[in-house]
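If you want the building blocks of each chain, they are given just below.
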Amino acid sequence: MGFREKSAWIMAVALTLTGGFYGYVVTQQTMLLGHPPPPNIGLAVVVTIPLVALAIFGHAFAALGNPTDANSPQDERDRVIAWRAGNLAGLLFGVITIAAISAYAVLEYGDLLFHLVVFGLVVSQLADYILTILFYRRGQA
Amino acid sequence: MAKRPPITNRVRELREAHGMMSQAALAQAIGVTRQTVIAIEQGKYSPSLESAFRISRVFGVGLEDVFGWDDDNASVGAL
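Taken in sequence, the protein lines are chains R and H. Counting from 855, one number per residue, gives the positions in the first sequence under the working numbering. Counting from 17, one number per residue, gives the positions in the second sequence under the working numbering.
Hints are computed from structural coordinates only; laboratory data are not their basis. Misleading hints may appear alongside valid ones.
Just some of the chain H residues that point at chain R, by a computed CB distance under 10 Å [unchecked claim]:
#: 1; residue: Thr52
#: 2; residue: Lys60
#: 3; residue: Phe83
Idealized CB from N, CA, C, for every residue including glycine.
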């Protein structure tokens with residue numbers, strides 16, 4: 855497995871754990887309050903710090919196994935895979951954002967808009983990593 | 017399951033015929049990663065025209081001595 859595929863695995867796991875925790879807390883607060891809670895910068899910071907730490911230590915550990923691979927620039931296949939995965943993830947983010955805007959237009963509830971956009975960011979980024987892994991597994995985008 | 021590209025190749029055979037050249041050495045010679053050479057050899061990935069020419073130059077043969085066209089797997093709908 856190449857370094858870029860390992861990188862996608864590391865980020866997929868890190869984002870699943872931290873994004874899942876964020877989603878769990880927001881869901882719990884929503885059930886408690888009866889409506890989505892207002893944006894919570896403290897929670898965002900609490901989630902971002904372990905995400906960054908997992909990314910740094912995960913990549914450092916992965917690079918130790920093959921430093922040459924980790925330092926090599928993207929080749930033609932890497933670029934196509936990154937472009938295709940990013941393109942599809944971007945489309946997904948667009949769909950979720952349009953849904954969030956539509957929900958806001960109907961409900962006029964800004965907190966819900968905030969959480970839906972954050973949800974879209976996490977899910978589309980996760981899709982990017984999963985598609986990257988899938989494309990590397992099958993050899994091409 | 018993704019359909020394989022309709023392009024066959026003799027990269028592995030040529031590599032072995034050239035003093036058991038390693039995948040890493042070929043990758044370095046043509047400017048791609050070892051994983052990409054593996055994907056090419058397995059027929060999962062069709063290299064760019066530039067990389068195809070670079071591969072044929074490394075082995076000192078023509079392009080069609082390295083790559084072939086698989087008519088059975090070449091329907092336009094499969095691309």
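Do the hints match the structure? See the list:
1. Thr52: Nearest chain R Cβ about 5 Å off; hint holds.
2. Lys60: holds, 3 Å
3. Phe83: violated, 15 Å
Checked against the numbered hints listed earlier, the structure breaks hint 3 alone; every other hint is satisfied.
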